[in-house]
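Please construct the entire structure, taking both the sequences and the accompanying hints into account.
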Amino acid sequence: EEVVRLVFEKTRQLWFEKTPLSHWNGLTLLAVDGTLWRTPDTPENDAAFGRTANEHARSDWPQLRMVCQMEVTSHLLTGVSFGSVSETSEVDLAAQLAEQTPEHSLTILDKGFYALGLLHHWSA
Numbered sequence: 001e002e003v004v005r006l007v008f009e010k011t012r013q014l015w016f017e018k019t020p021l022s023h024w025n026g027l028t029l030l031a032v033d034g035t036l037w038r039t040p041d042t043p044e045n046d047a048a049f050g051r052t053a054n055e056h057a058r059s060d061w062p063q064l065r066m067v068c069q070m071e072v073t074s075h076l077l078t079g080v081s082f083g084s085v086s087e088t089s090e091v092d093l094a095a096q097l098a099e100q101t102p103e104h105s106l107t108i109l110d111k112g113f114y115a116l117g118l119l120h121h122w123s124a
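Its first residue numbered 1, the sequence shown is counted upward by one per residue in the numbering used here.
Treat the hints loosely; a few may be bogus.
Cβ pair distances, simulated, as ranges [claimed, not checked]:
id, residue 1, residue 2, range
1, E17, N54, 21 to 27 angstroms
2, T11, E103, 16 to 22 angstroms
3, E44, H104, 40 to 46 angstroms
4, E44, E103, 35 to 41 angstroms
5, E17, D92, 26 to 32 angstroms
6, E44, V3, 15 to 21 angstroms
7, S59, K10, 31 to 37 angstroms
No lab work stands behind these hints: they were computed from the structure.
Since the model is a prediction, treat every value here as computed from it, not as a measurement.
Glycine residues also receive a C-beta, built at the ideal position from the N, C-alpha and C atoms.
The structure is reproduced here in structure tokens:
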């Protein structure tokens, strides 16, 4: 896990700098959205990631939550954050991406990220 994270961190900035990107009014256009990844049904994954549930049932698989930031024309990932589906919200993970946001960019957030604290944190 740490090796994959290190490779991504070391290469994402290089990819971003070397890829020709479209701009809008001089700004790089970025978008943030989240997703869930199913993991193998093991006790270790269940303990580490948890499962989604409601009053009727719980998911068949442990799930990992991911929020990513990408450049909208190339779909180049510029930042990612991961967390447990049972302990971490998409808003919490999105807040971690604010520090990774490149200068001179405009970030579009999915409507599910409407949270005053997150928007204030992002604009600071």
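Hints, one by one, checked against the model:
no.: 1; hint: E17 with N54: 21 to 27 angstroms; verdict: 44 angstroms, violated
no.: 2; hint: T11 with E103: 16 to 22 angstroms; verdict: 20 angstroms, holds
no.: 3; hint: E44 with H104: 40 to 46 angstroms; verdict: 42 angstroms, holds
no.: 4; hint: E44 with E103: 35 to 41 angstroms; verdict: 40 angstroms, holds
no.: 5; hint: E17 with D92: 26 to 32 angstroms; verdict: 29 angstroms, holds
no.: 6; hint: E44 with V3: 15 to 21 angstroms; verdict: 18 angstroms, holds
no.: 7; hint: S59 with K10: 31 to 37 angstroms; verdict: 34 angstroms, holds
Checked against the numbered hints given earlier, this structure breaks only hint 1.
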